[in-house]
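In this text, residue positions in the sequence shown follow numbering that gives the first Met the number 0: the first is 0, and each later residue adds one.
Derived by calculation from the structure, the hints in this document are not laboratory data. Owing to the predicted nature of the structure, the values given are computational and were not obtained by experimental measurement. One should not assume that every hint holds.
Unchecked claim - The calculated label-pair distances, taken between Cβ atoms and stated as ranges, are:
no., residue 1, residue 2, range
1, M119, E162, 17 to 23 angstroms
2, P76, S122, 40 to 46 angstroms
3, P121, E70, 22 to 28 angstroms
4, K124, E94, 36 to 42 angstroms
5, H120, D41, 27 to 33 angstroms
6, Q127, E11, 31 to 37 angstroms
7, N17, S122, 29 to 35 angstroms
8, A81, P121, 20 to 26 angstroms
Just so you know, even glycine gets a beta-carbon here, dropped at the ideal spot from N, CA and C.
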Amino acid sequence: MDRDTAYRLVTEKVHEGNLIKHIIAVEAVMRLLAQHFGEDVDRWGLVGLLHDLDYSETLDDPDRHSYLTAEWLKDYPEIDAAMIRAIHCHAEHEECRTPLEWALYATDPTTGLIVAAVLMHPSKKLAQLQVKSIKKRFKDKRFAAGARRDAIAKCSELGLTLEEFLGLALDGMRRIADELGF
Numbered sequence: 000m001d002r003d004t005a006y007r008l009v010t011e012k013v014h015e016g017n018l019i020k021h022i023i024a025v026e027a028v029m030r031l032l033a034q035h036f037g038e039d040v041d042r043w044g045l046v047g048l049l050h051d052l053d054y055s056e057t058l059d060d061p062d063r064h065s066y067l068t069a070e071w072l073k074d075y076p077e078i079d080a081a082m083i084r085a086i087h088c089h090a091e092h093e094e095c096r097t098p099l100e101w102a103l104y105a106t107d108p109t110t111g112l113i114v115a116a117v118l119m120h121p122s123k124k125l126a127q128l129q130v131k132s133i134k135k136r137f138k139d140k141r142f143a144a145g146a147r148r149d150a151i152a153k154c155s156e157l158g159l160t161l162e163e164f165l166g167l168a169l170d171g172m173r174r175i176a177d178e179l180g181f
């Protein structure tokens, strides 16, 4: 499965504009993390792009989240078991073990934290947002309360400090700022 096919599948299954923006933000960060760690950029990007494919359908049934995605992707042999496992891990259905799994697990809530931080920034631009502002928001548990700090902090499993991870995530999102509208 190439990126165009995956994106087409996302637009067929996901109809909420903000969810699509979240999905492509996660993809962008995953691609940058793969580059940083010398991993397969396209493979990690696909995991990011497909991680919430079934979210619209499973919103009211979180126990099914990621399993419907796996069902939909079974006809694509390029999407291997390790990729599906990472998608299950982000939904907390399996324990993370690999860098791909930890990266998706930590990235998913981080993009929401960054979006919330940029919305509070006077410029409303990712280019103007600084890591220190995101770290300050990270410490305020009431700010973007849905962005699970425990999951974000698991960036340590990748050998990254919180500051390094937030910097990479911000850089990844900056690369697609126009698509995100920030």
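Do the hints match the structure? See the list:
no.: 1; hint: M119 to E162: 17 to 23 angstroms; verdict: holds (19 angstroms)
no.: 2; hint: P76 to S122: 40 to 46 angstroms; verdict: holds (45 angstroms)
no.: 3; hint: P121 to E70: 22 to 28 angstroms; verdict: violated (45 angstroms)
no.: 4; hint: K124 to E94: 36 to 42 angstroms; verdict: holds (38 angstroms)
no.: 5; hint: H120 to D41: 27 to 33 angstroms; verdict: holds (32 angstroms)
no.: 6; hint: Q127 to E11: 31 to 37 angstroms; verdict: holds (35 angstroms)
no.: 7; hint: N17 to S122: 29 to 35 angstroms; verdict: violated (20 angstroms)
no.: 8; hint: A81 to P121: 20 to 26 angstroms; verdict: violated (42 angstroms)
Hint violations for this structure: numbers 3, 7, 8, all remaining hints satisfied.
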